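Take the given structure of chain A and dock chain B to it, following the hints.
Number of protein chains: 2
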Amino acid sequence: MLTYSFEDKGKDSLYEYLYKQIKNDIISYKLSPGEKLPSKRAFAKHLNISTITVENAYIQLLAEGYIYSVPKSGYYVSDISSTKVLKEERPTKDVPSKADNSEIFADFTSNSTAKDSFPFSTWTKILRQIMSDYEKELMVRSPFAGIKLLRNAIADYLYQFRGMAVDPEQIIVGAGTEYLYGIIIQLLGREKKYGVEDPGYQKITRIYQANQVQCAHIPMDENGVDIRALEDADADILHISPSHHFPTGIVTPISRRYEILSWAAKSASRYIIEDDYDSEFRLMGKPIPSLQSIDVADKVIYINTFSKSLSSTIRISYMVLPKSLVSTYKEKLGFYSCTVSNFEQYTLYRFIEQGHLEKHINRMRNYYRIQRDTILTCIKKQKKYNQTVIKEEHSGLHFLLQVETDLSDEELILKAKENGIAISCLSQYSYLPENATEHTIIINYSGIMEKDIPEAVDRLFLSLWNE
Amino acid sequence: MLTYSFEDKGKDSLYEYLYKQIKNDIISYKLSPGEKLPSKRAFAKHLNISTITVENAYIQLLAEGYIYSVPKSGYYVSDISSTKVLKEERPTKDVPSKADNSEIFADFTSNSTAKDSFPFSTWTKILRQIMSDYEKELMVRSPFAGIKLLRNAIADYLYQFRGMAVDPEQIIVGAGTEYLYGIIIQLLGREKKYGVEDPGYQKITRIYQANQVQCAHIPMDENGVDIRALEDADADILHISPSHHFPTGIVTPISRRYEILSWAAKSASRYIIEDDYDSEFRLMGKPIPSLQSIDVADKVIYINTFSKSLSSTIRISYMVLPKSLVSTYKEKLGFYSCTVSNFEQYTLYRFIEQGHLEKHINRMRNYYRIQRDTILTCIKKQKKYNQTVIKEEHSGLHFLLQVETDLSDEELILKAKENGIAISCLSQYSYLPENATEHTIIINYSGIMEKDIPEAVDRLFLSLWNE
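Taken in sequence, the protein lines are chains A and B.
Quick note, the first sequence lines up with residues 32 to 498 if you use the numbering used here.
Quick note, the second sequence lines up with residues 32 to 498 if you use the numbering used here.
Isolated chain A, as found in the complex (with noise of 0.2 Å):
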């Protein structure tokens, strides 16, 4: 089997060496037009790496054109005497990330919310009235928190929608939930252990990752993360999303709320930090109260975005300290700037303030209950409907459907592919093998168009078994 040492890889990262060495053979042709490469696995076995790895390698290899896949059988060296290789044609330009994004015709990956849907004529209306109205104040550094009138704003919104009563003081205003991650990390300190859903939302261990931060990834059941797993994994903060969890979709139940506040009241350092992102989508039956608002013990940090209600192209999401950490974040990190601008500021503020963002979201919740109607009665339709199961469709904006195959999670997102279907597994988002669940396809249905749900899922369909 091919062999590589990775002595002399340098500052690159394990993967980007293994691409670069594939690379290299391929274009000194070492490695013949039309030869297999070894399986991601008995590679990975082979080089003594991960799995991981390997699979960036050769992503990162199918993108450029230099290797291809043979659904079934694996990846093969792509001619490149006769394939112009982007990457050396146009070396000042952009790469683009994905090769053949312009042949995907629904994308069942993406969790980017309905470009039509964001109320862009209200938006800039409120941003012309606030350039005329607030001239002074838009010239006026914002306090590091955020303006005091947005944080007002949030403060009413969540005690009208969300039951919490909220001191406009314990807001957070700051420019995307993962920049408020970072902050959070330098609050709590970095000697602590955070302990992540697995499986979970990938940018959230990359982003514990990139900060050098010890992290422990716990194992969920059908109620959320297992208590027992967290007890064992010796960890200081849970970075949890109980109210819709991303990909399994499960909603922690009210009595492993109280497990987890329980969890946290036990020692002084221990946090939660509550990732409410797209509470506001609940489609059937009553929300569940948050965490931060049963917390009595001051250990909850909640957090959510407006990067989901609105749009992902505005940057404002904003976090709820406990009180007893106000004081502390001041000292230590109140002289940070606010990362978002005036302008958008004032512009949020007023569009809460004057009910656009209520509306907003009713119009949005009927969208997505359509959108997901749609799609439900579109899959129910197939001839092979009996052979799949859909899991966790009650919350927005994603849910899970299960099929009795024979194919592998690879060959199914492969196939799905090359019938211009984008979608993910639930087992590309466990981090540890022994919490993966296989055949398990994760339906994010907020970005696709409504005219393309019929001949999406009829694609869709075609890619599931071997025929």
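In case anyone wonders, no lab produced these hints; they're calculated from the structure.
Please read all numbers here as calculations on a predicted model, not as lab measurements.
For glycine and all other residues, C-beta sits at the position ideal for the given N, C-alpha and C.
Accuracy of the hints is not assured; some may be wrong.
Cβ-to-Cβ under 7 Å is the rule here; a few derived chain B residues that face chain A [claimed, not checked]:
1) Glu47
2) Met162
3) Arg172
4) Ala206
5) Glu209
6) Tyr210
7) Gln217
8) Arg221
9) Gln243
10) Thr344
11) Ile345
12) Phe366
13) Tyr367
14) Ser368
15) Thr370
16) Asn373
Same frame as chain A, now just chain B:
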């Protein structure tokens, strides 16, 4: 002397704990109203902590009204039975960080830009255009590094006005330099030792400390950071502002620049962060080339902001990575969303492209030159002008005023404050006592109203001697 043990301080910082201990003793009348507190230096020595820690605790107590200061004498315990302590009276409102801000006539400590100078009507006109011209693009998620149009515009700008040949691929746009510093730590690694200028801009040290990264304070000579001290400090990364150092105003000459580059070239792990924050406002002579533009070893991360040249309420900064770090950045940190909203990215792009930035900077350069000349004229008219020396006045937006006086720096600051003038001294920006210079006032003039200058200078000079 007062003695406190720091054994039970728990998670508090030293200063926070000390502040709480003294406050408790005042509230419980263990310290009586009118009782004198120990001098900062003696107290620090007695408790075996740094003078800065004591100073911070005193400032907090002073701001909250628990103690008061008597010029030339020291700090005394307030009579809290009669004083209404702000913090306890208004539990849910903002506590003003300075109790007596309203009495300040002119603030020479603020580095905020002139409020009325922002080209508000041009900016809002373009923002209005953008809202109609780019409706679709505004809803498309920005690449992690910022939208291409803006990065192209920045690259063109740097080429034309700073002589820097930069590929737009090297540019990363983010919500403020403080945010980008945090990202650089993630890029270069937190196991590195970061060298900062001493004296220097305090926020930089605070950011490294908040990120729990090891920091070395490198003393300055008249040409910038001291190379021998730099070698001795064993730092990996050097964070400097060679174009115009704050607060000393030093412009590092070209020979020293090469020495600094040569230091960096000696080891693979060494990098330079070049903060070029106000290079646009050099008021005399030809600008010296940036380190980035004479660096052939790919060692310089160049960083600059539009918050300084436009408005501190617009949070857009950028950095230029060395070419060799571009792919590392993509892999390690490319998953982060860009922190600047599309509305502002597109507006800034067009603002630069249509030449408004250039015009604005020219206009501001003239404005600041007049501002500086007016202040210098007013200073030269003072009777006691011959007991002062003006230093480093050729770059914007501050210069130094060295004073022959018997007053200590603390007394200078307090006396000026009594006269309604906020000032800061060079010594306050030194981290290590041995790097401190006494009797040198920093005159930040960018935020002073022109009409207030004569009175502000009169009031300032009234405060400089003990009479």
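Quick rundown of the hints versus the structure:
1. Glu47: It holds, given that the least Cβ distance between Glu47 of chain B and chain A is near 6 Å, below 7 Å.
2. Met162: The hint holds - Met162 of chain B has a Cβ within 7 Å of chain A, the shortest such distance being about 4 Å.
3. Arg172: Result: holds, 5 Å to nearest chain A Cβ.
4. Ala206: 4 Å, holds
5. Glu209: Result: holds, 6 Å to nearest chain A Cβ.
6. Tyr210: At about 6 Å, which falls below the 7 Å cut-off, the nearest Cβ of chain A leaves the hint on Tyr210 of chain B intact, so it holds.
7. Gln217: Nearest chain A Cβ about 5 Å off; hint holds.
8. Arg221: 5 Å, holds
9. Gln243: 5 Å, holds
10. Thr344: With a minimum Cβ separation of about 4 Å from chain A (threshold 7 Å), the hint on Thr344 of chain B holds.
11. Ile345: Check passed: Cβ of Ile345 of chain B comes within 5 Å of chain A, closer than 7 Å.
12. Phe366: 5 Å, holds
13. Tyr367: 6 Å, holds
14. Ser368: At about 6 Å, which falls below the 7 Å cut-off, the nearest Cβ of chain A leaves the hint on Ser368 of chain B intact, so it holds.
15. Thr370: 4 Å, holds
16. Asn373: 4 Å, holds
Checked against the numbered hints above, the structure violates none of them.
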